[in-house]
Amino acid sequence: DSGVTQTPKHLITATGQRVTLRCSPRSGDLSVYWYQQSLDQGLQFLIQYYNGEERAKGNILERFSAQQFPDLHSELNLSSLELGDSALYFCASSQGLAETDTQYFGPGTRLTVL
Amino acid sequence: GNSVTQMEGPVTLSEEAFLTINCTYTATGYPSLFWYVQYPGEGLQLLLKATKADDKGSNKGFEATYRKETTSFHLEKGSVQVSDSAVYFCALTPNTGNQFYFGTGTSLTVIP
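So the protein lines, in turn, are chains A and B. Going left to right, the first sequence walks through residues 1 to 114 as this note's numbering numbers them. Going left to right, the second sequence walks through residues 115 to 226 as this note's numbering numbers them.
Any given hint could be a false lead.
[Said to hold, decoys possible] Simulated pairs of lysine to aspartate or glutamate, EDC-like, Cα-Cα distance not exceeding 20 Å: (1) Lys163(B) to Asp198(B); (2) Lys174(B) to Asp1(A); (3) Lys163(B) to Asp101(A); (4) Lys174(B) to Glu130(B); (5) Lys170(B) to Glu183(B); (6) Lys174(B) to Glu129(B); (7) Lys9(A) to Glu156(B); (8) Lys57(A) to Asp101(A); (9) Lys9(A) to Glu75(A); (10) Lys191(B) to Glu130(B); (11) Lys191(B) to Glu177(B); (12) Lys191(B) to Glu122(B); (13) Lys166(B) to Asp101(A); (14) Lys170(B) to Asp101(A); (15) Lys182(B) to Asp169(B).
Since the hints were derived computationally from the structure, they do not count as laboratory data.
Taking the hints into account, I'd like the entire structure generated from these sequences.
Listed below in structure tokens is the structure:
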């Protein structure tokens, strides 16, 4: 158990819909990262937040957005969903800002878009 | 640009066999390199890392050496166990702004 929790575990929805994925980091960790893992694209870094502020953006689509709240939990919002958005979405957390800080991954949310 | 290439799987080995999973990278600047492991149904776990050339990362019997001259970070283990069955990901961060790049993953199955 990494100490990072993600809800829900599974999510099934239809094209065009909007969903919110939630992540609670390990106690004391200030950074949260979001990743998408799919069969065709592999594991892609989406976005990082540190202490409520966006710090880095990877391959995140404009239809996707994220935020980190004062209690440090984070939400990833996916809108206008397409079939290709079906994937496993991981959240990870780390203590600080350094790129070499160990990231602890949650168990993931499996999103299926029908 | 930045990218990671790792050997295609799946890899199947007998218990106690020697393991090598190749990883090469392209990066701007001076990247840090990582190996992550993903057990079935779980998230990724950091296995080892190296932050500068010639560093050797090691953990749980696994080792990898950061070779700048060959832009490689191959993962090795002298004697694999059934419990090592998992998917292994090579990754890098270019250390120029919190970006992270992963290889496609190599599935390892160890049979008794």
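Results of checking the hints against the structure:
1. Between Lys163(B) and Asp198(B) the CA atoms are separated by roughly 18 Å; this keeps the pair inside 20 Å, and the hint holds.
2. For a cut-off of 20 Å, the pair hint linking Lys174(B) to Asp1(A) stands: about 18 Å separates their Cα positions.
3. At roughly 10 Å between alpha-carbon atoms, Lys163(B) and Asp101(A) fall within 20 Å of each other, so this suggested pair holds.
4. Using a Cα cut-off of 20 Å, the hinted pair Lys174(B) and Glu130(B) holds, with the two alpha carbons roughly 14 Å apart.
5. Restraint check: the Cα-Cα separation between Lys170(B) and Glu183(B) comes to about 15 Å, which is no more than 20 Å; the hinted pair holds.
6. With a CA separation close to 15 Å, the supplied pair Lys174(B) and Glu129(B) stays within the 20 Å bound.
7. Distance check on the hinted pair: Lys9(A) and Glu156(B) sit about 11 Å apart at the alpha-carbon level, within 20 Å; holds.
8. In summary, the hint linking Lys57(A) to Asp101(A) is supported, as the alpha carbons are separated by about 17 Å, within the 20 Å threshold.
9. Using a Cα cut-off of 20 Å, the hinted pair Lys9(A) and Glu75(A) holds, with the two alpha carbons roughly 14 Å apart.
10. At most 20 Å may separate the alpha-carbon atoms for a hinted pair to count; Lys191(B) and Glu130(B) meet this at roughly 9 Å.
11. Taking the CA atoms of Lys191(B) and Glu177(B), the gap is about 6 Å. The hint holds against a cut of 20 Å.
12. For the hint pairing Lys191(B) with Glu122(B), the CA-to-CA distance comes to about 18 Å; that is within 20 Å, so the pair holds.
13. For the proposed pair Lys166(B) and Asp101(A), the alpha carbon gap of about 14 Å is at most 20 Å, so the pair holds.
14. Of the supplied pair hints, the one linking Lys170(B) and Asp101(A) holds, its CA atoms being roughly 17 Å apart against a limit of 20 Å.
15. The suggested pairing of Lys182(B) with Asp169(B) holds, with an alpha-carbon distance near 10 Å, which does not exceed 20 Å.
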